[in-house]
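Residue numbers for the sequence shown follow our numbering, beginning at 23 and rising by one.
Keep in mind that the hints were calculated from the coordinates and are not lab data.
All values reported here derive from a predicted model rather than from experimental measurement.
Glycine included, every Cβ here is placed at the ideal spot set by N, Cα and C.
Treat the hints with care, as some may be off.
The calculated label-pair distances, taken between Cβ atoms and stated as ranges, are [said to hold, decoys possible]:
(1) ARG201 - ASP87: 17 to 27 Å
(2) TYR63 - ASP265: 19 to 29 Å
(3) ARG201 - GLU346: 35 to 45 Å
(4) ASP265 - ARG292: 14 to 24 Å
(5) GLU231 - GLU120: 22 to 32 Å
(6) GLY125 - ARG363: 49 to 59 Å
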Amino acid sequence: MSAILSPREVVRTAVEFRRPPYVPWSFGFTKEAREKLQAHYGSEDIQPFVNNHFVELGSGIGFFDELGNDRYRDVFGVTWNRSVDKDIGIVEGQALPEPTLSGYQFPDPLSERFFRDIPARLERQPDCYRIFSIGFSLFERAWAMRGLEALYEDLVEQPEFVRQLLGAIAEYNIAQVRRALTYDIDAVYFGDDWGQQHGLLMGYDSWRELIYPHLQRMYGVVRAARKTVFIHSCGDVDELFDDLIGIGLGVFNPFQPEVMDVGQLMTDYRGRLAFWGGVSTQRTMPHGTVDAVRAEVREMLRRGRDGGYILSPAHALESDVPLENMLALIDEAHSQPGYRR
23 MSAILSPREV VRTAVEFRRP PYVPWSFGFT KEAREKLQAH YGSEDIQPFV NNHFVELGSG
83 IGFFDELGND RYRDVFGVTW NRSVDKDIGI VEGQALPEPT LSGYQFPDPL SERFFRDIPA
143 RLERQPDCYR IFSIGFSLFE RAWAMRGLEA LYEDLVEQPE FVRQLLGAIA EYNIAQVRRA
203 LTYDIDAVYF GDDWGQQHGL LMGYDSWREL IYPHLQRMYG VVRAARKTVF IHSCGDVDEL
263 FDDLIGIGLG VFNPFQPEVM DVGQLMTDYR GRLAFWGGVS TQRTMPHGTV DAVRAEVREM
323 LRRGRDGGYI LSPAHALESD VPLENMLALI DEAHSQPGYR R
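Turn these sequences into a full structure, and let the hints steer you where they fit.
Structure below.
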């Protein structure tokens, strides 16, 4: 009888483009969706029921201090209004009201708040694939600090400031990554949205000039340690894949079927880029029947059975997803031949 692989080993097998015993998965849930599952399972901890294959370390969106009245402030001094969006929120004001870093003090990238719970998390989920997450890792962090409209104006009127700001953010991330790499982790996951429903938020030339050089430095630190680079970028960004692979990208998320031909991309990039996501969160998960959810999940499992794929909806499931559809997703993952709890 062949040895049973741990979830960590199954993910490693998949992202290395070898055939795993089954397709691994890791599902995300917003606060309200998670609460549905907690009520259903009768437990605050849903991991024993969902069996995600990742343990995420660090903080995908950063740490926040509560200000009251649904307002929170992150470590960069940005205030977020969470009266509607309960997970991240909407930026209020500007941490950088002028196009200058003069007088602004970056937070400490080595603050213990980013690292102190890593040993406990690894102890709770020792067999899971270990990912250190840095959310809002470059462009998103810049616009959150400066304001989106102001940053777009700066791209034209103050390009040197934009370069300085992005460079400072990248240095912050690199310092944090170097500390994270002192732990026994498998990957670093950078979150940074560059796309919209059709095309990039900025032109390719601007992305290549302003964003790419900093990604190259950040990814290079991870690859030098022989760890895997994961990224998250919403939107229609597949035109960037070849550039990203060239600087070390290993796994792309969220892989949205609404804006990408997921089947064709899995074929085109097999052996070069692994994907995490692919199940529709704009159509199937919130609006489809249970049977439609099961059918789409089974199709993604079929496409991913030879490796290079991690099953997940294209984004964290939100409050508009019926409980029955979430349970169908989980059940299909658990029902795969070769999977043993």
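Cross-check of the supplied hints:
As the Cβ distance of ARG201 to ASP87 is approximately 22 Å, the hint placing it in 17 to 27 Å holds. Evaluation of the 19 to 29 Å hint for TYR63 and ASP265 yields a failure: the beta carbon distance comes to about 42 Å. Taken as a hint, the range 35 to 45 Å holds for the pair ARG201 and GLU346, whose Cβ atoms sit roughly 42 Å apart. Remark: the range hint 14 to 24 Å for ASP265 to ARG292 is upheld by a beta-carbon distance near 19 Å.
In this structure the supplied range 22 to 32 Å holds for GLU231 paired with GLU120, their Cβ-Cβ distance being about 23 Å. Hint check: GLY125 to ARG363, Cβ distance near 55 Å, so the stated range 49 to 59 Å holds.
Checked against the numbered hints given earlier, the structure breaks only hint 2 and satisfies all the rest.
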